[in-house]
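There are 4 protein chains.
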Amino acid sequence: MNAVVARTRNRTLPEQLPDLNPYHIPSLPELFSMIIVMEQGATPEQIKHMIERVEAFGLKAHPIQGTERTVIAAIGEKRSETKEALASGPGVESVMPILAPYKVASREVKKEPTQVVVRDLKVGAGSIGIMAGPCSVESKDQILACAHAVKKAGATALRGGAFKPRTSPYAFQGMKEEGLKLLALAREQTGLAIVTEVMSTEEVPLVAAYADVLQVGARNMQNYRLLEAVGKTDRAVLLKRGPSATMEELLLAAEYILNEGNPNVMLCERGIRTFEAHTRFTLPLASVPYLHHKTHLPVVIDPSHGTGHTYLVPDMAAAAVAAGADGLILEVHPDPEKALSDGYQSLNFPQFEETMTKCRAVATALGKKL
Amino acid sequence: MNAVVARTRNRTLPEQLPDLNPYHIPSLPELFSMIIVMEQGATPEQIKHMIERVEAFGLKAHPIQGTERTVIAAIGEKRSETKEALASGPGVESVMPILAPYKVASREVKKEPTQVVVRDLKVGAGSIGIMAGPCSVESKDQILACAHAVKKAGATALRGGAFKPRTSPYAFQGMKEEGLKLLALAREQTGLAIVTEVMSTEEVPLVAAYADVLQVGARNMQNYRLLEAVGKTDRAVLLKRGPSATMEELLLAAEYILNEGNPNVMLCERGIRTFEAHTRFTLPLASVPYLHHKTHLPVVIDPSHGTGHTYLVPDMAAAAVAAGADGLILEVHPDPEKALSDGYQSLNFPQFEETMTKCRAVATALGKKL
Amino acid sequence: MNAVVARTRNRTLPEQLPDLNPYHIPSLPELFSMIIVMEQGATPEQIKHMIERVEAFGLKAHPIQGTERTVIAAIGEKRSETKEALASGPGVESVMPILAPYKVASREVKKEPTQVVVRDLKVGAGSIGIMAGPCSVESKDQILACAHAVKKAGATALRGGAFKPRTSPYAFQGMKEEGLKLLALAREQTGLAIVTEVMSTEEVPLVAAYADVLQVGARNMQNYRLLEAVGKTDRAVLLKRGPSATMEELLLAAEYILNEGNPNVMLCERGIRTFEAHTRFTLPLASVPYLHHKTHLPVVIDPSHGTGHTYLVPDMAAAAVAAGADGLILEVHPDPEKALSDGYQSLNFPQFEETMTKCRAVATALGKKL
Amino acid sequence: MNAVVARTRNRTLPEQLPDLNPYHIPSLPELFSMIIVMEQGATPEQIKHMIERVEAFGLKAHPIQGTERTVIAAIGEKRSETKEALASGPGVESVMPILAPYKVASREVKKEPTQVVVRDLKVGAGSIGIMAGPCSVESKDQILACAHAVKKAGATALRGGAFKPRTSPYAFQGMKEEGLKLLALAREQTGLAIVTEVMSTEEVPLVAAYADVLQVGARNMQNYRLLEAVGKTDRAVLLKRGPSATMEELLLAAEYILNEGNPNVMLCERGIRTFEAHTRFTLPLASVPYLHHKTHLPVVIDPSHGTGHTYLVPDMAAAAVAAGADGLILEVHPDPEKALSDGYQSLNFPQFEETMTKCRAVATALGKKL
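Residue numbers (my numbering), protein chains in the order written: chain A, 1 to 370; chain B, 1 to 370; chain C, 1 to 370; chain D, 1 to 370.
Bear in mind the hints are in silico, worked out from the structure with no lab data behind them.
Here the structure is a predicted model, which is why all the values come from computation and not from measurement.
Any given hint might turn out to be false.
The list cannot tell twin chains apart, which means a pair is met if one copy fits it or any two copies do.
List time: in silico SDA-like cross-link candidates among lysine to any residue, alpha-carbon distance up to 20 Å [unchecked claim]: (1) Lys294 with Glu249; (2) Lys140 with Gly126; (3) Lys110 with Glu93; (4) Lys110 with Gly41; (5) Lys110 with His49; (6) Lys338 with Ser94; (7) Lys151 with Thr190; (8) Lys111 with Tyr311; (9) Lys60 with Ser106; (10) Lys294 with Tyr311; (11) Lys358 with Ser127; (12) Lys294 with Glu93; (13) Lys232 with Tyr170; (14) Lys110 with Ala42; (15) Lys232 with Glu202; (16) Lys368 with Glu112; (17) Lys111 with Lys152; (18) Lys232 with Arg166; (19) Lys338 with Ala56; (20) Lys110 with Lys294; (21) Lys122 with Pro165; (22) Lys338 with Gly91; (23) Lys60 with Lys338; (24) Lys181 with His62; (25) Lys358 with Leu370; (26) Lys358 with His293; (27) Lys294 with Pro90.
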């Protein structure tokens, strides 16, 4: 990171300074076990061959003779290619891994939940952080009006896109650095933390110089170079789930960031692509308790993208809080009808206030801070 | 309906007796409009041909000449085949319907929400009804223990399967009539309304003789003969969404029931099939506010099937309440580990109590009765 | 089956008469094995408890101590509830079955492919059978014209719906028995085998009295009573995959039919529901080689429903043949623009001939009969 | 592009030299039309407001009064934000666009199919190009053996990954520049064109210096900066469909490349993510005729990733040819069991030869060159 970033650094977490990467333990072996299921007609030679293959990987092989077929349990420490290599062996029907392939993100490695703290934004461990603002930064008036309105209603972070990933090359691509400067100005006036998307490795230093939280968008969830680049900054990261990513892929993407030494990762569920067409995406709130079971990282819900329709956002925001979400990211615009992007899923100011009131009632009923 | 059913009738709704079918208005024409989009290179002859085709259906045709292509707006009263017939015309790129094909279920036909009332179970219009009990009726002891436990915790209906639809022909198929009798006994002891599945038209009279609410399972959502048969009874119906059904298909399935004169239909979201494998199905809670927007019928959520894992049920039950659900249906078993079916997604009694406490807190915070 | 059915019987397979149910072996035990994966923190007591549970089911338990967690291999003969029961045990993370739950349909039980023969229709074991005709029987002229046209182009069976399952209760529901009579008339004139859908158990005797092949539609794939009813007839069955059914569910549905003693089951892939909207369904042709690997039953492809657009049908029909399909079922109509249903995906007569020419070229190139 | 790239340039297409970007017509206005459907209860004021909004965008508004509701047809030339902006207007139910948002890729702009020619690889317009080779370049021996084997069996391009996008940060990440050098060596020995993936903008110059075809992987299909970067090179591009991308998104991604002046884009269908778990992805071959209908760009199928299992690849390769594919990309490895990646879906040399024989038979039967 360059000097510009250092100057704007603001979420100093002193207790982490001695070791900026508490999770990165390069010497941790990847513990490993799996079950190799042989076909019903597998010959003794094939079984013997597979046992030798397992042992050649340095694993212990436990063959188990069933009434219909044989399975081989393989146990030890090994790299993740092993499964792929064994699956194409002769007489093998399938290989079932038993350990999750992610480690640092795992609840098994760190029991207590991680709380990401950036200025007044607190996400996780009983605190629900609200990030709100327009899809795109469009003008000074627009972003400052949003910042003051969302702060007044209880948000602690301002979201707003300066670099916009657009499906069409002919669509508005964002105000770029000019937008970043306006976000910084809004922070100066309100104290809100700034959340904004970074789309490519080259843009990381520039965006990190202005933002408090780097958002990795759903389309870039598996852009591994970008994950590595944000993992090398000292900015918190909001990692959005890709619309067809599995939970395991999401956690492995987080692992790319954590593995570079950046512990401040928030996972964001923003909806998956299914056959449903009445909503823009299908928002699976069960991701919240599932991820809480598997990982210590906080889970943020995006009801705006997750539904794609303004009128569905307030109920789904309240539902996300009831499901245990650690944060919400919401699109808010002074005049959604005139928004340059995503107007159809943005709340106006009164709608945002009403949503906050509803969410706060649910949070309070469940003993959470919002 | 036969005499047996009449004797066990219990949810008399006197104000509806003069007209058992307030929604069925056979003279209501199916109002109709659609847009026919012609291909870019469509010839004047093709356009003329399609205008004549539209008019042959008794619709008015409004051709609109665009800069690149022509569209024809067709307006009038017509049956639903029209769209299909026109879509294969020469030079036609696509046909877009503008009116929803369901009518009686539509919010446009009846503005105020429908409340289904069966004994003490009240579902809709501000009341959240809780239906709880085991997947299958397994024994007298089991079902009576369940009935007393769920009643004590606040449920007003007992669910329990006597006829079980099982993916495998080798799996436990239910206690059948013996199970129905045990359900009736549980009702006698507790006053709980009985919810149980009916799987085929032949079984409707038998099941209706014992049950208060007939459940049409997800696999039968488009079993039209069965929909017609339950539509002819005076029992309330819980209609489960098929795992790949669209909202429109669900509402049209409800329409089959309503169209027979049975107004007491509850729609049940129980999860859809997606690429996600960490949950049994993906539970899209946005169905709740969406359906409330489109229909006056109450919406029930099934977090047990919708997640497939006991540990995810309490949070998703609370989230469903926050999303505005009018009812919950939950699997509860005295000893899930020994359940003959669905043990992995059933709550035990203490877990059910805890879930109820959580849901009641959310409902109260949002001004609902539970 | 009643006398009417007996009179119209036509596909006598003498070598099967002594035993009408060659696959049904009630004494065959359900062989069984599975792996129970314990959570990482599972206690010795929990592991001991699960071993006892496994043994209480009459299975042998093989615990395997890994570096991070313990797995228990369970082997023996047991009914299919076992998995469900064990999955909710204390300290259990997951249970992975190792044997497919279907038996009679399995390639492991019968190695050689099954050929279904009905009149001149031959499906499987190197012969590709073509079933073609309109979505619905609409009139005498229409069905006879279709029958003669498809026969001339090479089809050996005539498809046509008399009882139509329609998403909307307001749509055309079919000509019912009148339609069946017209189909029988078409058979009389052309010798084509008749394929038509049966929608409910009550209709089975009537439809079986006229039809050669009973089609179970996609919406009814898991209507278990209907599967049992067609399994009790001596008619061949075309079982369509439900749009969200897994391969295992499809094979288990076939098992319901086979298990009643009817060996003449054809599996039909007609597309699955996915996020894709440019086709009506997504047609996964990999189902063909996959099913050939798993089952001896023949596999038929329906490119009409599988794509939903006439212009995609010829290429996908040819692709299905190249993928190894044992049969095709195609919608053909004299004037698709005027069809009462499915006109947008029907071929007219010249298009059908062209499709047949293309398919025959591919079949010949690959050494198949069509 | 730098000098290194210029030196290795090899697919000079003289007739295109005068204008390297035949499709890029910056002055082409984005023609536009759409239908705004008002809610049933929309007031005259709301309708008037929307007409004014449409006209404020410089579009002509054609209101159409239906029996139940009003629709407004909007016609003119406008940028793509218009739809989004209008959809959130008061009383608006939905907005339906009528024109496809892509232009340069559209069949409407260029009627004749594009053939991409790179050395001996010819893809499109009647020629089927075969790209084959290992998932990853692993060693000199491995890649040279592959190159000679696939050339002998009829491939005209060698695929092989040097920079590997891996789901897990702990998996093998490729040989990087060393791998590129080995690919160049293989080209020197065999004359095969080289196809290899580029994962980030920084790597574009390096990869383009060695490769003939730049592959943009499925995970990067919407990495817009990367699309722009490969669009600025003079290398052909193989653009893989993201596993949850719609056809429209794929074509818009191609548009990003074409729009930079690079006309040599091949679209690659490699399977989508659905609920199916018996294959790694679901391979929808209907993409081939659909894309041929919509775009002039050639369509390549990847049966290796599309199925994820070696035993399914030969049949699906033949099916792809029958569906009209312009090219195939196939994973081939000398010893799949020992491959460092994707061994379970790789063909060995005899399997590849057999696949080629099958595909050639189908291609010949259909009058195509392979």
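Between the shortest in-copy and the shortest cross-copy C-alpha distance, which are at most 20 Å for lysine 110 and glutamate 93: within, between, both, or neither? For lysine 110 and glutamate 93, only the inter-copy Cα distance (18 Å) is at most 20 Å; the intra-copy one is 35 Å.
Intra- versus inter-copy proximity for glutamate 249 and lysine 294 (alpha-carbon distance at most 20 Å): within (13 Å within a copy, 29 Å between copies)
Can you tell me if lysine 294 and tyrosine 311 fall within 20 Å by alpha carbon in one copy, between copies, both or neither? For lysine 294 and tyrosine 311, the Cα distance is within 20 Å only across copies (12 Å; inside one copy 32 Å).
Classify it for me, lysine 110 with histidine 49: is the Cα-Cα distance of at most 20 Å met within a copy, between copies, both or neither? neither (39 Å within a copy, 27 Å between copies)
Intra- versus inter-copy proximity for tyrosine 311 and lysine 111 (alpha-carbon distance at most 20 Å): between (38 Å within a copy, 17 Å between copies)
At 20 Å max between alpha carbons, let me know whether lysine 110 reaches lysine 294 within a copy, between copies, both or neither. The answer is within: 10 Å in one copy meets 20 Å, while 43 Å across copies does not.
With 20 Å as the alpha-carbon cut-off, assign the pair lysine 110 and alanine 42 to within, between, both or neither. between (42 Å within a copy, 17 Å between copies)
Under a CA distance limit of 20 Å, which applies to lysine 232 and arginine 166: within one copy, between copies, both, or neither? This pair counts as between: shortest inter-copy Cα distance 19 Å, intra-copy 26 Å.
Given identical chains, is lysine 368 near glutamate 112, meaning Cα to Cα at most 20 Å, within a copy, between copies, both, or neither? within (17 Å within a copy, 34 Å between copies)
Since the copies are identical, ignore which copy is meant and state whether lysine 232 and glutamate 202 lie within 20 Å (CA to CA) inside a copy, between copies, both or neither. The answer is both: 13 Å in one copy and 17 Å across copies each meet 20 Å.
How would you classify lysine 294 and glutamate 93 at a CA-CA limit of 20 Å: within, between, both, or neither? between (29 Å within a copy, 11 Å between copies)
When no copy is named, should lysine 111 and lysine 152 be tagged within, between, both, or neither for a Cα gap of at most 20 Å? neither (35 Å within a copy, 35 Å between copies)
Violated hints, listed in ascending order, are 2, 5, 9, 17, 21 and 24; each of the other numbered hints is respected by the structure.
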